[in-house]
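Now for the letters of each chain:
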Amino acid sequence: MSPLVQLAAEEAENPLIPPIPELVIGLIAFVIVFGFLAKKLLPNINKVLEQRREAIEGGIEKAEAAQTEAQSVLEQYKAQLSEARHEAARLRQEAQEQGAALIAEMRAEGQRQREEIVAAGHAQIEADRKSAAQALRQDVGHLATDLAGKLVGESLEDHARQSRVIDRFLDELEEKAEAAR
Amino acid sequence: MSADPTQTLAFDTSCHLFDGCGFPAPGLHSFLFKPLFGDADSNLYFNKTMLLALLGSIIIVGFFWAAFAKPKVVPGKLQMIAETGYDFVRRGVVYETIGKKEGEKYVPFVVSLFFFVWMMNLWSIIPVAQFPVTAIISYPAVLAGLVYITWVALTFKRQGFVGFFKNVTGYDKSLGGVLPLSMTIEFFSNLIVRPFTHAVRLFANMFAGHTLLLLFTIASWYMLNGIGIAYSGVSFVMVLVMTAFELFIQAVQAYVFVLLTCSYIQGALAEHH
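Residue numbers (numbering that gives the first Met the number 0), protein chains in the order written: chain A, 0 to 180; chain B, 0 to 272.
The following block holds chain A by itself, in its conformation from the complex (with noise of 0.2 angstroms):
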């Protein structure tokens, strides 16, 4: 063994001195796992760790946003519950209202036919007062006269002729004022 080739063979021997081949062969085997790692596995990977995240945040986000809708729908729903109610509460003012007056014109309109029927009754019994009158006045006129006529015809002896024609005037009256009705 010549010194060179013993030299080198220590050299070789040496663990921190790399060898060639083996730091050919170690980069070769490291590009290999890098380019498929690099080029195609992991922006394969990474693609679905984003649509996971995507998936989880968009259920998340739709939450959210049925929840703020139905927030609002309720917010809706309420202001149109208590506008109904206002509504509501204004027409039932109105037709107390509307109904008072009503009420108060009826009451009124009663009143006015109520006088008026009093007063043409009463009118009408004036009239008919005034009639009877007229006609109770001829009757005793007449009846007057028929009784003085009688009296001074019959003589007025005793007490029960007397209160015979008496009897027979009242009568004749009675049946006179039957006739008459």
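Careful, some of the hints might be misleading.
Lysine-lysine pairs mimicking DSS-like chemistry, simulated, CA-CA at most 25 angstroms apart [what the hints assert, rightly or not]: (1) B:K71 x A:K38; (2) A:K38 x B:K69; (3) B:K76 x A:K38; (4) A:K46 x B:K104.
On the chain B side, residues computed to face chain A include the following (Cβ under 7 angstroms) [claimed, not checked]: (5) L27; (6) V60; (7) P107.
Bear in mind the hints are in silico, worked out from the structure with no lab data behind them.
These numbers come from a predicted model, not from an experiment.
Where a beta carbon is used, it is the ideal one built from N, C-alpha and C, also for glycine.
Starting from the known structure of chain A, arrange chain B on it as the hints suggest.
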């Protein structure tokens, strides 16, 4: 023991205690492999570590292909496991050090680095293979080199020429008189020592781990004779313990490697060093 680059097994199996032969201790020769084909003297050969490196790549790509080729929004078991690993590196390492906005671009690189290093480390305890590829300095050196190139290029791109110099030397006016000294140290530390330590940290850990495993394995076998059998049992228990420990160290070293990578990239992106 003389170094025998043509070994096929890690040690001489015919030798036992009381047989009159010495303990076939593991050494540098344990990290040399007879080429499967080609010539060890020329630079054209193919050996076990190369086979394991390429096989490891194929396993990683195969695993992620099975998991991520047709990913689903609702993941299956395999996709879930792969996603957990991916998420660990992406969120736990890259986002934590570089930040989400700036870091996203480096996620594929760092993820590839992590799983590559881990797989190469894992070979250490996978039966039949049983050799950490990263215990050969070439493999960590390639990876550290790639990180170094990325870091230097990125620093230039982000900081400009003067900015690069300031970044690398840790220029800080408030240091006053010690500035030249601190700048010299920082310059060497960042630009020259850093890639070396980055690679050697991984290499040395796996080298030492493999040596320990070998030591106890060889001892278990070597002492399997006479009274030595009792000690052999103890040694074998240590093999199991060290295997479990290595499993942990392999993951930790892969994590440390990518964590440092991210911290270097973050340093290149930072406005002030």
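Hints versus structure:
Under the criterion of a C-alpha separation no larger than 25 angstroms, the hint pairing B:K71 with A:K38 is consistent with the structure, at around 18 angstroms. A C-alpha spacing of about 14 angstroms is found between A:K38 and B:K69, which places the hinted pair at or below 25 angstroms, so the restraint holds. This hinted pair checks out: B:K76 and A:K38 have alpha carbons roughly 23 angstroms apart, not beyond 25 angstroms. Proximity of A:K46 to B:K104 is assessed by CA-CA distance (about 15 angstroms); at most 25 angstroms being required, the pair is judged to hold.
Checking B:L27 against chain A by beta carbon gives a least distance of about 5 angstroms; that is within 7 angstroms, so the hint holds. About 5 angstroms separates the beta-carbon of B:V60 from the nearest beta-carbon of chain A, less than 7 angstroms, and the hint is met. Because the closest C-beta pair between B:P107 and chain A is about 4 angstroms apart, less than 7 angstroms, the hint holds.
Checked against the numbered hints above, the structure breaks none of them.
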